[in-house]
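Quick note, in UniProt numbering, the sequence shown goes up one by one and the last residue is 69.
I should point out that these hints are in silico values taken from the structure, not numbers from a laboratory. The structure presented is a predicted model; accordingly, all values stated were derived computationally and were not measured. Hints should not be assumed to be uniformly reliable.
[Claimed, not checked] What follows is a set of in silico ranges between Cβ atoms, one per label pair, in the way DEER data are often shown:
no.	residue 1	residue 2	range
1	Val-41	Arg-4	52 to 58 Å
2	Ser-64	Leu-35	55 to 61 Å
3	Val-60	Ala-38	21 to 27 Å
Positions of the beta carbon are idealized from the N, C-alpha and C atoms, including for glycine.
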Amino acid sequence: MTARMQAWAVQAQLRLRTLGEDDRGDVPGWVLVTLMTAGLVSVLWFVAGNALQQLFQDAVMSVSPRSGL
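Can you build the whole structure from these sequences, using the hints too?
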């Protein structure tokens, strides 16, 4: 291997090592996304819970075989 190729290989390895270091420690961002998602699900469940439950039951009944038919 020539000196130029060795230098290129070393530079490539250094770039790969430092590639993932920029997004480390972004815990507050993920916590915010998780809390906002939980809040959105809670609000939807509170507002439309009965309608969603009925929608689910209707969907299950439409694909499930009914006894006695």
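**Prompt:** Hint numbers the structure violates, sorted upward?
**Reply:** Those not satisfied come down to hint 2.
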